[in-house]
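Now for the letters of each chain:
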Amino acid sequence: GESVGLHLPTLSVQEGDNSIINCAYSNSASDYFIWYKQESGKGPQFIIDIRSNMDKRQGQRVTVLLNKTVKHLSLQIAATQPGDSAVYFCAENDGGFKTIFGAGTRLFVKA
Amino acid sequence: DTAVSQTPKYLVTQMGNDKSIKCEQNLGHDTMYWYKQDSKKFLKIMFSYNNKELIINETVPNRFSPKSPDKAHLNLHINSLELGDSAVYFCASSQGVGNQPQHFGDGTRLSIL
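From first to last, the protein sequence lines are chains A and B.
Quick note, the first sequence lines up with residues 103 to 213 if you use this note's numbering.
Quick note, the second sequence lines up with residues 100 to 212 if you use this note's numbering.
Careful: at least some of the hints might be erroneous.
What the hints assert, rightly or not - Derived DSSO-like pairs (lysine-lysine); straight-line CA-CA distance at most 30 Å:
no., chain 1, residue 1, chain 2, residue 2
1, B, 170, A, 212
2, B, 143, B, 170
3, B, 139, A, 212
4, B, 166, B, 118
What the hints assert, rightly or not - Covered stretches of chain A (in silico footprint by chain B; criterion: 3 or more residues with CB under 8 Å from a CB of chain B, positions within the stretch not fixed):
no., segment
5, 112 to 126
6, 131 to 137
7, 173 to 179
The hints are simulated quantities; they were obtained by calculation from the structure and are not laboratory data.
Computed from a predicted structure; not experimentally measured.
Cβ coordinates follow ideal geometry from the N, Cα and C atoms, glycine included.
My request is simple: use the sequences and hints to build the entire structure.
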């Protein structure tokens, strides 16, 4: 399940299950959204992006859904593997210079 | 070849010292960034350069001074280090600004004693 509060939100899933990581964004003018994965000791790594003229985009084992009405973004990971354990960040950009990163969600995959 | 490389990976130093972190990208990108990541993993933009011109300068103490000698390099110099500067600093690059993904280095962990 999920936990929120002072600590980084955490999602624990069983290996092989699907994971859904959610993100609420703040700027209704944002038109470009990105998901990043950060493994321990590494920098954030691009996973998938989506532009505001789409509501769904699929990659290899990952799908991003965008709901502009409620300013919500989600990342779905199919058949979650131990190597998927990491911190996941959503990010938004409104065409300007600055990309705003969300707070991050830690994904634990239980073997 | 590493796309975005930062040196050093670890930096341990005393309060009051001056230190520099270097960043180089071999992706041919025209935009580079410095981010600070705190202990709660929150990523905050500090600076950005596009074609060697400063385009983002967030509310950062003026003890922090970025320098971009060319499009492939963005260095960060920090004067009079304070305890609160302890964090992981990430360099990133992108082609253009705005609607392009950023490529990150593996970070420099700065610890102030």
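These are the hints, each one checked on the structure:
For a cut-off of 30 Å, the pair hint linking residue 170/B to residue 212/A is broken: about 43 Å separates their Cα positions. Under the criterion of a C-alpha separation no larger than 30 Å, the hint pairing residue 143/B with residue 170/B is consistent with the structure, at around 22 Å. The hinted pair formed by residue 139/B and residue 212/A meets the criterion: a straight-line CA distance of about 23 Å does not exceed 30 Å. Proposed proximity of residue 166/B and residue 118/B is supported: the alpha carbons are some 13 Å apart, at most 30 Å.
For a cut-off of 8 Å, the count of residues in the segment 112 to 126 of chain A with a CB near a CB of chain B stands at 0, and the three-residue condition is violated. Counting residues of the segment 131 to 137 of chain A whose CB falls under 8 Å from any CB of chain B gives 3; the rule of at least 3 is met. With a threshold of 8 Å between beta carbons, the proposed coverage of the segment 173 to 179 of chain A by chain B is violated, since 0 of its residues qualify and at least three are required.
In summary, the structure is inconsistent with hints 1, 5, 7 from the numbered list given earlier, while agreeing with the others.
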